[in-house]
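Colleague: Sequence:
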Amino acid sequence: MPEQNHFIVHTLQKEKSHGFNKISNWNFLLLYLVLYCCIYGVWLVLGNNPIMTEVLYTLLRMIIFHINKWIYLINSILSHLVQNEVNSLFL
1 MPEQNHFIVH TLQKEKSHGF NKISNWNFLL LYLVLYCCIY GVWLVLGNNP
51 IMTEVLYTLL RMIIFHINKW IYLINSILSH LVQNEVNSLF L
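Numbering (this note's numbering) for the sequence shown: 1 to 91.
Keep in mind that the hints are not guaranteed to be accurate.
[Stated by the list, open to error] Label-pair ranges, simulated between beta-carbon atoms:
1. 45 / 67: 21 to 27 Å
2. 42 / 68: 17 to 23 Å
3. 53 / 78: 35 to 41 Å
4. 81 / 45: 42 to 48 Å
5. 74 / 49: 33 to 39 Å
6. 76 / 54: 31 to 37 Å
7. 75 / 51: 34 to 40 Å
8. 70 / 41: 22 to 28 Å
9. 46 / 74: 31 to 37 Å
10. 55 / 31: 33 to 39 Å
It is worth saying that the hints were derived from the structure and are not from the lab.
C-beta atoms are modelled at their ideal positions from N, C-alpha and C, and glycine is treated no differently.
Take the sequences, apply the hints, and build the full model.
Modeller: Okay, here's the thing in structure tokens:
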């Protein structure tokens with residue numbers, strides 16, 4: 001039984017240190033790229049006047065800010081859940 005617990009703890013710690021962050025970083029980098037391309041496409045279609053440029057730039061900054069908040073929140077919850085699981089194995 002202790003060997004099984006050690007394997008589970010090792011697996012959870014490995015997921016916590018490698019899996020979540022790599023998956024999140026690549027997925028959200030791709031999401032940033034898609035959002036940027038969409039907004040750039042809208043900018044090209046609507047014309048590159050200064051007012052539209054400022055509006056789209058502000059929109060992009062707001063979207064990225066909110067995505068960053070959600071990334072931080074999701075990573076915090078996942079790391080907390082993994083830590084609770086690891087702690088419960090030793091109780």
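Colleague: Hints broken by the structure, by number, lowest first?
Modeller: Per hint list: single violation, 10.
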